[in-house]
Amino acid sequence: MNPPKGRSNRHPTPPKRASAPSRGSAARGTRPPDRPAKPAPARAEAPAPPAPTLPPTYLTVDSLTKEYGDLIALSPLTLRVEQGEAIVLLGHNGSGKTTLLRMIAGLLEPSGGTSTVDGHAAGSLPSRATVSYLSDTPTFYDDLSVWEHLEVVARLHGVADWQQQAADLLGHLGIYERADDLPSRFSRGLRQKAAIALAFIRPFGLLLVDEPFVGLDAVGKQALLELFDLAHADGAALVVATHELAFVDRVERCVALRDGRLIHDGPTAGVDVLALVS
Amino acid sequence: MPDPVDAPVDDRMSESDGTDLAGPGPSVGVAALAELRRSRQMRRRAQVNRSDALYQAYVTAFISSVIVLYLSTVVGDEPISASGLERVVRDGPGVIGLFFAFALAIGLRSGARGGPVAVEPAEVRFVLLAPVARRRVLIGPALKQLRFAVFAAAVAGAAAGLLAHRRLGQTALGWIAAGAGVGVLLAVALLGAALIANGLRVRQWLATVVAGALLAWAIADLAGEVTAPTSVAGRLAFTPIEFEAFDLLAVGVVVAMLGAGLLLLGRGSLEAAERRTVLVGQLRFAATLQDLRTVILLRRQLAQELPRQRPWLRIPGRGRFVLWRRGWHGLVRFPLARLGRVVLLTAGATAAVLGTVHGTKPLVVVAGFVAYVLGLDLVEPLAQEVDHDERAERLPVETGLLLARHLPASAVAAVLCGALGAAGGLAVEGTEGRTIVVAVVLALSSSLGGLAGAVVSTVQGAPSASTTPSTTDQALPPEVAGMRIVVRAVWPVAVAVIGSFPAYLVADAIAKGREPLPAALQGAMLASLFIAGTAAWVRFREPARAWFRQAVEDSKANARQRQVETSPTARRTR
Chain E
452 MNPPKGRSNR HPTPPKRASA PSRGSAARGT RPPDRPAKPA PARAEAPAPP
502 APTLPPTYLT VDSLTKEYGD LIALSPLTLR VEQGEAIVLL GHNGSGKTTL
552 LRMIAGLLEP SGGTSTVDGH AAGSLPSRAT VSYLSDTPTF YDDLSVWEHL
602 EVVARLHGVA DWQQQAADLL GHLGIYERAD DLPSRFSRGL RQKAAIALAF
652 IRPFGLLLVD EPFVGLDAVG KQALLELFDL AHADGAALVV ATHELAFVDR
702 VERCVALRDG RLIHDGPTAG VDVLALVS
Chain R
-13 MPDPVDAPVD DRMSESDGTD LAGPGPSVGV AALAELRRSR QMRRRAQVNR
37 SDALYQAYVT AFISSVIVLY LSTVVGDEPI SASGLERVVR DGPGVIGLFF
87 AFALAIGLRS GARGGPVAVE PAEVRFVLLA PVARRRVLIG PALKQLRFAV
137 FAAAVAGAAA GLLAHRRLGQ TALGWIAAGA GVGVLLAVAL LGAALIANGL
187 RVRQWLATVV AGALLAWAIA DLAGEVTAPT SVAGRLAFTP IEFEAFDLLA
237 VGVVVAMLGA GLLLLGRGSL EAAERRTVLV GQLRFAATLQ DLRTVILLRR
287 QLAQELPRQR PWLRIPGRGR FVLWRRGWHG LVRFPLARLG RVVLLTAGAT
337 AAVLGTVHGT KPLVVVAGFV AYVLGLDLVE PLAQEVDHDE RAERLPVETG
387 LLLARHLPAS AVAAVLCGAL GAAGGLAVEG TEGRTIVVAV VLALSSSLGG
437 LAGAVVSTVQ GAPSASTTPS TTDQALPPEV AGMRIVVRAV WPVAVAVIGS
487 FPAYLVADAI AKGREPLPAA LQGAMLASLF IAGTAAWVRF REPARAWFRQ
537 AVEDSKANAR QRQVETSPTA RRTR
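Chains E and R, in that order, give the protein sequences.
Numbering of the first sequence is given in the working numbering, commencing with residue 452 and proceeding in unit increments.
Numbering of the second sequence is given in the working numbering, commencing with residue -13 and proceeding in unit increments.
Just so you know, the hints here were simulated from the structure itself, not pulled from any lab data.
Just to be clear, a hint being listed does not mean it is correct.
[Unchecked claim] Okay, the calculated beta carbon distance ranges per label pair:
#, chain 1, residue 1, chain 2, residue 2, range
1, E, A611, R, V54, 50 to 58 Å
2, E, I714, R, R527, 46 to 54 Å
3, E, D668, R, R380, 51 to 59 Å
4, E, D668, R, D375, 32 to 40 Å
5, E, L725, R, R380, 31 to 39 Å
6, E, D716, R, R527, 53 to 61 Å
7, E, I714, R, R380, 32 to 40 Å
8, E, L725, R, K542, 57 to 65 Å
9, R, R377, E, D716, 54 to 62 Å
10, E, D513, R, P348, 37 to 45 Å
The beta carbon of each residue, even a glycine, is placed where N, CA and C say it ideally should be.
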């Protein structure tokens, strides 16, 4: 259960993420087939150009709502996220971002509507295999070290050669030397780094991230951004809820909530971000 | 949404048998889980101090023996008369059946709130969100809980059987076996009901309705009106006297309930499980500290009793009495479930007061306790201030004065409950002139006494879990400090019981053929002294404590000064 000795804790390049299961599972045909593209009108002179192939929808949210008694945390919300797409989720405090992410992760029961990941109901066993959720409140076992946490999570998700990957991740986040310490006794920032390592040690097709930059130092923020880029390049879909407005420029699409209602869903280019979160 | 209730069929199948995974095969995760649990258990065992564990076992056995010995003196050892035995055989199954109804009710409500299994928060986040069949994750903790419950219930049942043998005759072994068996059956029924309610995701209101119906049925059975199925299980307790093979049906039903519950394991709500993980740990800790207020508070959180977004009534937003209005802002946001509980507790306290007046005098303690629990609900505005003391400390108002100004709103709410109780009592007893006055005096005294007890409990706060004694404790001899801890736990309930004491005096007066009204007023005078004393204590507690701390410090400084003056060095210098 100890980290390999003699390895450098300085990591020159971001670690390689375990391959996302989504690609294999999508190919197995459990996901409903995509809607065929609308056929182009026939022309006399030239044959019709081939219809562009849209990336498959990976996350489908249909009229999802959450109510706590007479408090409406999330009004009916509909959302599609394509495979390999990265979106930022914006909104003021209490706008429903965390509620939405927790429902997609399967931690919260919706009051109405459905959400599916890769064609499977959110929270179902196949969905759990493919969704990695990085919460805004890191949680750890009291009696396990960072390294032991990584082993548990990696092995629960069937990652065989996890040691190398764990060492790379910890090195990249700058906490390799704390691998044998108990994360439950860490400071807020270190806890966040340990939680990030746990979110990335396992394979995923959809990464849900809630306020990931809170408590992180500049090096940690940079390391996290590199991990996001790597996951994105590897074909995973990302949904990142954050108040860090600088992050908005790094993704293509922005979804904004206000008082539990969807107020914006579109490209980030030209968006008045401050107006969306005010 | 999530599995398995609303999930597509393929998802439900994959949850139950672990096939069709998008990720690793189920055996991979299960093996990792087993290894994790094994290594953590070994680590915990290594950390256990054997002498401490043996001492704990010794203390538990000692206390259990004392309880059994005490109960045996209460029960006595004279054989019961033939008519008494006949009555026991007639009414006993109903009484034990009521226990079964209670067990089922508790189980149903626990299951509807995500029980009975409570895992660690990290287990929810890492294991229950991993692609491992949840039944496999939860079966271990569930069986562990079952094992403990069965063992404890068997021991308690066997002890009860032994006590029954002393009065009811027959063979000791038969009674011990019957007692242990019924104890086990009770534990299994409770856990089975909880597992089923959890697996079927029974709504809380539905669980409460079914639990209420079961209890009502069992009570009606006890009154001889109908036959409840729970009394069939109750008959098993009297197997040494009378046995019918039909009664074994109860065993089959209970075992089937457990089996169904275990099959449904893992189908419960993760949201409820996560909420439970956090609160149950705190709940156990509060129970360990005998902190009833925190236990009740956490149970409210477990039941998701959230204040209403919109109040039932609008309180005018202007006026001088800010804290009075603040108190009502909180009270008029009570959710329906909490209002229902307030009404039920009022009814319970009224019934206990009536029982006391009619001669069952020990019920005065029950009346006081129920009024105390009612008071814990009504004291909410003050409790909010006490629970957020850092806010109060920043205000330019003396803390005692601030807390005391929270009391009138709660007192008026208690008076309203008292009026409701008096009306209920008069509906039963009739509305004769003097009866009305006695009923009003008893109801107000009881409700305000319960509130005073709750105020004491709230203001004194949770007992400290720290091993470092406070300044006050340091100044006291160990025996007195120990007594202080006991008094601290008992005093709030005692104040509440004093509030209900007029009912006792009325019962006494009726028994002796005297007028009940003077007795009621006499008791109310005594109770009002304690109620007013409680209000004064809230107002002047802080200044009094500051004075005491200063006195202790002065006394220590004087002692040090005297020591310096009488030391040989000082004498030589002189």
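Of the hints given before, which are not true for this structure?
3, 9, 10
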